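Here is what each chain is made of, one letter per residue.
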Amino acid sequence: MSTITATSTSTAQSLSPRKRLLLIGLSLVTIMSITRLWTGYDDLTSSGTIGAALRLTVPIMLAGLAGLWAERVGILNIGIEGMMILGTWFGAYGAWKYGPWIGFLLAIFGGSLGGLIHAVATIRFNIDQVISGVVMNLLAFFGVRYLSELVFVGQPQGGISQSPPQSSAIPKIDVPFLAGGPVGSSTTPDALGWLEERGWFIIGDLAGVTRGLLSGLSLASLIALLLVPLSAWVLWRSCFGLRLRSSGVAPEAAESLGVNVIRVRYIGLLISGGFAGLGGGFLSIISSSYYRQGQTAGRGFIGLATMIFGNWRPSGILAGAAVFGYSEGIKLVAGGSITGLFLFIFFVSAIVGVISLLRRQIKRGSTSIGITVIALIAYLTVTEVPESLTQSLPYVITLVVLATASQRLRPPAKAGVPYRPGGGH
Amino acid sequence: MSQATTAPGGPLSKILTPSRASNVRTSSTTIASSLIAVVIALAISALLLYVTGKDPVAAFTTMIDTAKNTDKLLEMMRRATPLIFSATAVAIGFKMNIFNIGVEGQYLFAALMAAEAGSHINLPTPIHIAAIIAVAMIAGAAWAGIAAFLKVRKNVHEVISTIMLNYIALSIISWIFNSFFKDESIEGLNVKSTIIGKTGWLPDLVDGRLNSMFIIALVVVAIFWVVVYRSRFGFKLRASGYNATAASTAGISATKMTVIALLLSGAVAGLVAMQSVLGETHAYGPSATPIQLGFAGITVALLGRNHPVGIVIAALLFGFLDSTSAQLQLAEVPNSIVKVMQAIVVLTVVIVNEATVRRTNIKTAERARAELAAGSAA
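Protein sequence lines, in the order shown, are assigned to chains G and P. Residue numbers for the first sequence follow numbering that gives the first Met the number 0, so the first one is 0 and each next one is one higher. Residue numbers for the second sequence follow numbering that gives the first Met the number 0, so the first one is 0 and each next one is one higher.
It should be emphasised that the hints constitute simulated quantities derived from the structure, not laboratory data. Remember, predicted model here, so these are calculated numbers, not experimental data. Please note that the accuracy of each hint is not assured.
Stated by the list, open to error - Which bits of chain P does chain G cover? Going by a derived footprint, with three or more residues having C-beta under 8 Å, they are:
no.	region
1	163-173
2	343-357
To be verified - Residues from chain G that keep clear of chain P, each with C-beta distances beyond 12 Å, as calculated:
no.	residue
3	R17
4	K18
5	Q156
6	I172
7	P181
8	L229
9	S336
10	S348
11	K362
12	I368
13	R409
The C-beta atom is built at its ideal place from N, Cα and C for all residues, glycine as well.
Produce the entire structure from the sequences given, and follow the hints as far as they go.
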């Protein structure tokens, strides 16, 4: 028994992180496939669900990146929601007047404007960063209402809480051969679609997921997704990124090495605001074709949540946003399939529980077994999950992660601590 | 140098002993800086109006004219009432250095629970009302208690947990209301929980204009002042809030203070919607119960510097600004400028306050240095 434990632990440790991630990913897909075949809910991995999930993931992910850029330079950003609101309004205005691309530029501008206000308040005047963020949210919410009253009222279909609809949209692409997109004027086969229809074990699921990502793909989503590796590269591989992160971890030390912490923090917050604004613009230009009051619906805070349990890393943020995007997507496309997810959770937690118990990690094992039992009961008894309760999922998950895994979280050391140049002597 | 520190009545002890004079000076600078901030905020708002093509003079004249109307002054007090509760709740947290952003969720949860409980019981008037208020305070404290538990046991920062709990509260409230508490006999959009029996109605002070809840708000603020500034417990709370480590060496447990502060804050937050539940709607309703008062309370607490008197003045000011919105709309000024103005006021007040404190600290340090130098020279 003890030898088995030893070997299984050592094999788990001997795998490189990348291989381990791949292994986990493959097992999750396998379990998902079993769940799909067992329950008959084909929408769990259908391209329609994944496509919707992607569209819902992007704004949350951008909000998470907004939080990342702010906290990595040492400033808490509770005002992401407000900056997103500015993004929705300016984005919709630009898209309505001048077309979608200008709309996105204006969305970024609007968000950065919020970032600048937050920067001036917290860096120049050193006020409490949480207070500034809270006021930012209020200022943005009522500020755009005021602007709407000036600009949108009296326009066709426009009003105090809504902008006129946009006439043109950003093109969407289907990738040729794989998802049946056209090359020139001729059509190409929809290979993944064919595979998805067969619904074979694992292959059908992989095809569905891939096709969901490759068909009806908005260029804006593609660009937004590229911002994840770009953020990672700039923050962790460039000289500028080193300065950015150092002013979030040890501003005095950074200053002593000649980094202009103040300037770096301003830049970080402008970028943060820009990301939030872009996320807002995505909501008012891609997800819908007009601005509506309350469009952000707390996504700024969900983004903040993904940043926390994404452990202040771009890849983690993408993963967290994908989890929320997926749960929103499945609700939208096939609300009835949600109960199938209970079975999925049942399988996953059962496996985790058994492995943990074999490794004598009693606490984790018993928690997992507890979740297994709850998930099984939920699967067998719940026929319909109330809409209002599923909405709170991101927030509940965040609290659970913070309460159980806070030992593993590594926030930037000086995020939230006011800084004055020359304070360190 | 050593002589100066040991000699009783030396310059250093003069600096270290707080005197009445410095208190007066501090409070007068506080008031002065607040006034300057409000003036700056008004100037920014005027500029905003001007840039967007509206006449700032007309807007301000309309606002001032509103103040001459008695009805509007009553409306000001009615609008100030929930803000006083909400700001007091936030201020209790601030005294322990805790930022309770969760007042929003706490008061809505409390309103639902209190309204439902109130519709089930049948007691003589004062007891019925007291029971509803008690339920509201317990429910508010319970919801805040989750954040307290997460903070002291799991080390989750209250800013994050209360933000998350706000959203969780909204969905749980909506689920409970729609599944269990909704009065099916009420049709249309204005759905509510079952109406509370007449014995649970809090009478108006001025019929149809101002509810007695305003008096209760003033009483709560007075209690807040006594407890925080004049009681042993309040001293411990503030000491722990200023410097938890230093206070713990004096035997004041930061954990205990955190829990008590958050529970008290939640209990007071539970009263925010009571004006609506006890005096106006007599039920909970998604469209009838006012929302966003928790965030407004944060701004009022900041503007009032977490001081009881400041909170009442700030709440009345915000209530006044809110009461002018109908008049502004008639004068063709978009009334959302009122809310924008409130946000700008808070931002400038906080900024000016920060600058004043910093300047005062520098001046005190300079004076201390000068007096020490003079003392050691003699």
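Here is what the structure says about each hint:
| no. | hint | verdict |
| --- | --- | --- |
| 1 | 163-173 | holds (count 8) |
| 2 | 343-357 | holds (count 8) |
| 3 | R17 | 31 Å, holds |
| 4 | K18 | 33 Å, holds |
| 5 | Q156 | 19 Å, holds |
| 6 | I172 | 35 Å, holds |
| 7 | P181 | 43 Å, holds |
| 8 | L229 | 27 Å, holds |
| 9 | S336 | 20 Å, holds |
| 10 | S348 | 21 Å, holds |
| 11 | K362 | 14 Å, holds |
| 12 | I368 | 21 Å, holds |
| 13 | R409 | 14 Å, holds |
Hint check: no violations occur; every hint is consistent with the structure.
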